[in-house]
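Chains as they are written, first to last, in this note's numbering: chain P, 1 to 339; chain G, 1 to 794.
These aren't lab readings, by the way, just hints derived from the structure by calculation. Here a beta-carbon is modelled for each residue, glycine too, at the ideal position from N, C-alpha and C. Heads up, some of the hints might be wrong.
As the list claims (entries may be wrong) - Here are the simulated DSBU-like pairs of lysine-lysine, each with C-alpha atoms no more than 35 Å apart in a straight line:
#	chain 1	residue 1	chain 2	residue 2
1	G	Lys-553	P	Lys-107
2	G	Lys-494	P	Lys-234
3	P	Lys-106	G	Lys-494
4	P	Lys-294	G	Lys-695
5	P	Lys-294	G	Lys-202
6	P	Lys-234	G	Lys-419
7	P	Lys-218	G	Lys-31
8	G	Lys-37	P	Lys-272
9	P	Lys-272	G	Lys-31
10	P	Lys-291	G	Lys-81
11	G	Lys-37	G	Lys-81
12	G	Lys-290	G	Lys-356
13	G	Lys-290	P	Lys-291
14	P	Lys-291	G	Lys-419
15	P	Lys-337	G	Lys-675
16	G	Lys-599	P	Lys-107
17	G	Lys-632	P	Lys-337
18	G	Lys-202	G	Lys-235
19	G	Lys-480	P	Lys-106
20	P	Lys-294	G	Lys-410
21	G	Lys-480	P	Lys-275
22	G	Lys-153	P	Lys-275
23	P	Lys-294	G	Lys-235
24	G	Lys-494	P	Lys-337
25	P	Lys-100	G	Lys-419
26	G	Lys-81	P	Lys-106
To be verified - What the simulated footprint calls covered on chain G by chain P, stretch by stretch (three residues with Cβ under 8 Å from a Cβ of chain P suffice, anywhere in the stretch; the number is not a length):
#	stretch
27	28 to 42
28	299 to 308
29	414 to 427
30	472 to 481
31	559 to 573
32	592 to 599
33	610 to 621
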Amino acid sequence: MKQQLQNILHQVTLQASDVKSLQDIEQLRIKFLGKKGELTTVLRGMGALSKEERPIIGKLANEVRTNIESLIKQANDKLVSIEKEITLKKEKLDVTMPGKIYEIGKKHPLTLVIEEVENVFLGLGYQIAEGPEIELVHYNFEALNIHEGHPARDEQDTFYIQPDVVLRTQTSPVQIRVMENSQPPIKIICPGRVYRSDAVDATHSPVFHQIEGLVVDKGITMGDLRGTLEVFAKSMFGEDTNIRFRPHHFPFTEPSAEVDVSCWNCNGEGCKVCKGEGWVEILGAGMVHPKVLKNCGIDPEIYSGFAFGLGVERTAMGRFGIDDLRLLYENDVRFLKQF
Amino acid sequence: MKVPISWLADYVKIEENIKNYSEMMTMSGSKVEGYEKPFHEITNVVTGKITEVASHPDADKLIVTKVDVGEEIVQIVTGAKNVSKGDIIPIALDNSTLPNGVIITKGNLRGVQSNGMMCSIAELNLTKNDFPTASEDGIFILPKNTPLGVDIKEILGLDDTVVEFEITPNRPDCLSIIGLARESAVTIGKKFVVPNVSLQEKGKGTATDYVKVTIEDYDLCKRYAGKIVTDVLIKESPLWMRKRLRDAGVRPINNIVDITNYVMLEYGQPMHAFDLNYLQEKNIIIRRAKKGEIIHTLDDQERMLNNQNLVIADGDKAIAVAGVMGGANSEVNNDTTKILFESANFDGVSVRLTAKQLGLRTESSARFEKGLDPHNAKPALLRACELVEKLGAGKVVPGIIDCHSELPTKNIIPFRPKKMNEFLGTSIEEKTMVDILTSLEFEVNMEKMEIAVPSFRPDVEAWADISEEVVRFYGYNNIKASLQSGNRATQGIKTYEQRIRDTIREAMLAMGLMEIYTYSFTSRKVFDKLLLKDDSPLRETVVITNPLGEDFKIMRTTTIPEMLQVISHNFNRRIPQAGFFETSKTYHPIKGEKLPNEKNVLTIGLYGDYDFYAIKGIVEKLVDTLDIPDVKYVIDSNNPSYHPGRCALITVNGNTIGTIGEIHPDVADNFETPKRSYIGELDIEKLYKLTNVLKSYKGLPKYPEVDRDLAMVVDEEIIAYDIEQVIKNSGGDLLQKVTLFDVYRGEQVGENKKSMAYALSFRADDRTLTDEEVNKAVTEILSKLDSEIGAILR
Ligand SMILES: [Zn+2]
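Kindly produce the complete structure, drawing on both the sequences and the hints.
Now the structure itself:
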């Protein structure tokens, strides 16, 4: 009987290594382990054994059963994994074929610049202020220290609606409205659309966008202006960016400066972007003129402030290497998709 | 302002190289736009003397010359007619360059070797104004005593460096050599003194014998100073003066006119010279013009004046428009023998308006309009007379005519070094401040802690201005960066409206639309192209009084035209389909208000493989994102810009928040867009109010939904909204969702009928529904569908 059992095990071992399909395995199982299987048949003869032999053979029979089960399982696993592999092989794709088309909307490059600037200043605790594009001369000029007869009024070539109403030539009137209506501390940026009577060409547009900033509080210094613009320049153009102030004149700030950043394209070596200068002018800035503060009901003996402004179109053009401003308002899909 | 360096060097010695100097000036506030040697292109052109002239063996019109160019004799073949043996001329040698990139090399002219070219003034980029004695079209013959073999740039004074400064409008004092010399001196740390003018005054009598001057309108003329020159000999001015004028961008004319221009550039004070012989009355009156008064100006135009203009009159007759242009009748000409030099101070605003009105912006008016220092009139006048004597242009008559109102005294302002340092964030020492200010000709009184501002600096009014003067030279970039350390904190957040607009933009982008930016002004023509009725409120616009042209005359009241233009632009570039959106403003006048209503609007545009339901789907997702409930779409057949059967008003509780639809085919033609273009416009201001930003979570269902599909046949005119309403109203509390999934028309359903198939979902929050419960609800729905709209279950 012991011999028979070992024989069965031997046979299963042989046949299990030879199975070709899951059906073969099932047959194998039925043949040896089924109710009428060979193992069962052998075990029926157990009754003829002696009391001493019975437990020994019993134990052996159990071992053989376990071994057979494990052999069948192994054979099964092997087959399953082979079949899986075949399926995976069959499902092979040409991954170089193009993907399905999903349309994705793109922000306009001007929005990209505006949002980038907004995010820097929101992080510095600024709020975003807005105001009318069609503005009273009082806010667009008078309150900004640009009086009748001031050359700046000529220079700016303003669009007039009425003698005392204009299309704002700068977003600065928003600053005045905010200063008139709130008390320091004031920390705002004013992004918006402005208008000047320039004919359309590669670098001019009668409609364009500005972002101006204003901070008014006790003890605000020109050093704070520099520090703020340094943070801004590094956020926009990279950690290694330097800034440079050049004296300039704006009617509503004193002292006033034009602000250059070290060229992001050549790191100051000189290239096409910076016209060989190593610096690119991006901002106008200065300390709010005490007269302007006074006009808005803020005492310049107690408070001081700084203001700055940048042209969105020019920044976008520099940043993205756009060589013709008209592209920004033409809205050609092939252009818009690039951002 | 173009400044020849040699001129500046008369007043301050500049040892820095030009690059460093330019950089330093830019950083102290006089921005250098650029610098160049205007004649740098001329190389290898030297003076040469013709020593032999022979005829050309094979060409009648050519001659063969030998030219002594100092170190050698070269053979040159030329066709020039005005040269002969002994003439000294500019010779472009082999491998020389001329202006505009012309290169001269040796060559062969009809078989004879020619080793260079003789130059005319034109070939050197000069004119007869620069060299009045030169031949216009022939070779430029130089004076007999000219040394040979010398670079022509040296001989003709073409080797100067010219620096171009951008002068800000607050600094008219820097529109002068003297002003820039003063700035240069402080910048590079040199002393600067305006030299005293000395005159011999050999003319007879005294100035006031020759002419009488009266100012009638002191508000427009603070000062009128004049000097007389007799025995004037009009001729060309000397080379050095012509050269400087030319380099500064002013055309040399004759000695007297050149002197007035020279002094204007040097002192920043515009001047004028009148021919005294043509002043019949010798009675100068400075007055407002009479209405309709006519003057013949020296550019040979008749100009009509009004009483806003200031004129210089001789007796009754206007002889100059003050500060703008002289009259033709008293112009200095070749016969002039006696002149009156005018050095006056006219009101800036008046000059500006007059120049604008006459369309006559001159070097003179450009200076006056910025506001000049009345104290400068006299020194400039004396300098002009000094130049007359130096040039031998006439005899200066002693005495001066000088009419003026009370001249302004120096403005005194407090000196506040502590306040200035606090303001700048610096710790500049008082002494440094005083040194800078003193070298800029401010007088600092340390006892009174006061500053006397020089008269040429009216832009300096208070401590902030003084701070700028100090920090310009202390160095803007020496200010240490800080970050408002001791400051009160502020919140960096967007407003509610700004966040809603961000949400709208994000939703549009997520649905694959491209953001566009378009102009806010347009033409009235677009209203006709949109087929708007004559009484459409959209035709009430804000009008620009001085537009760039008819196409930019009004502020837009609708954004559709620009959207259609963008569609047209892309369609015409063979882009098969695209979707766009814009968030921008429209502008609507309000009766009785100065400022109009500026409305934020969202515009959507689609063309290509889209239909009405595409744009509707976009709007549905948008209002869903904004959590606006109960949005209805009502057909609008009366909007003339849209297809009458494919346009819907978007309404919420009877309030219209926008329109969507297919553009009317005629409008599509007018804008050259595809016929099937879809436009949506939504009023963002209304969305602000309807949006539910306080989103709250609703628990996920615990029990499953039971789905039933219903397909029914209804009359063609029954609209989906009505069917849904019947289903929703009759479905009871268990009905959760009604979705149309199929519409079918065809023989099987019959003519003028359609089959509409809906998927209904039923669910209860507290139990799994039984079939009986759902069947009961469906039965009720079917019965109502039948009784209310005659729907028959298929
Ligand atoms: Zn660069």
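Hints, verified against the model:
1. Lys-553/G x Lys-107/P: 29 Å, holds
2. Lys-494/G x Lys-234/P: Status holds; Cα separation ~23 Å.
3. Lys-106/P x Lys-494/G: 22 Å, holds
4. Lys-294/P x Lys-695/G: Answer violated: Lys-294/P to Lys-695/G is near 45 Å, above 35 Å.
5. Lys-294/P x Lys-202/G: 57 Å, violated
6. Lys-234/P x Lys-419/G: 30 Å, holds
7. Lys-218/P x Lys-31/G: Holds, because 32 Å separates the two Cα atoms, which is no more than 35 Å.
8. Lys-37/G x Lys-272/P: 23 Å, holds
9. Lys-272/P x Lys-31/G: Answer holds: Lys-272/P to Lys-31/G is near 21 Å, not above 35 Å.
10. Lys-291/P x Lys-81/G: 70 Å, violated
11. Lys-37/G x Lys-81/G: Cα-Cα ~32 Å, so holds.
12. Lys-290/G x Lys-356/G: Cα-Cα ~18 Å, so holds.
13. Lys-290/G x Lys-291/P: 39 Å, violated
14. Lys-291/P x Lys-419/G: Within the cut-off at roughly 16 Å; holds.
15. Lys-337/P x Lys-675/G: Answer holds: Lys-337/P to Lys-675/G is near 24 Å, not above 35 Å.
16. Lys-599/G x Lys-107/P: Holds: Lys-599/G and Lys-107/P sit about 21 Å apart, inside 35 Å.
17. Lys-632/G x Lys-337/P: Status holds; Cα separation ~34 Å.
18. Lys-202/G x Lys-235/G: 20 Å, holds
19. Lys-480/G x Lys-106/P: Between Lys-480/G and Lys-106/P the Cα gap is close to 40 Å, so the pair fails against 35 Å, i.e. violated.
20. Lys-294/P x Lys-410/G: Holds, at roughly 25 Å.
21. Lys-480/G x Lys-275/P: 28 Å, holds
22. Lys-153/G x Lys-275/P: 29 Å, holds
23. Lys-294/P x Lys-235/G: 58 Å, violated
24. Lys-494/G x Lys-337/P: Holds - the C-alpha atoms of Lys-337/P and Lys-494/G are around 28 Å apart, at most 35 Å.
25. Lys-100/P x Lys-419/G: Distance of about 67 Å is beyond 35 Å: violated.
26. Lys-81/G x Lys-106/P: Violated, at about 71 Å.
27. 28 to 42: holds (count 3)
28. 299 to 308: violated (count 0)
29. 414 to 427: n = 5 at 8 Å, threshold three: holds.
30. 472 to 481: holds (count 6)
31. 559 to 573: holds (count 4)
32. 592 to 599: holds (count 4)
33. 610 to 621: That given contact is violated, which follows from only 0 residues of the stretch 610 to 621 of chain G lying within Cβ reach (below 8 Å) of chain P.
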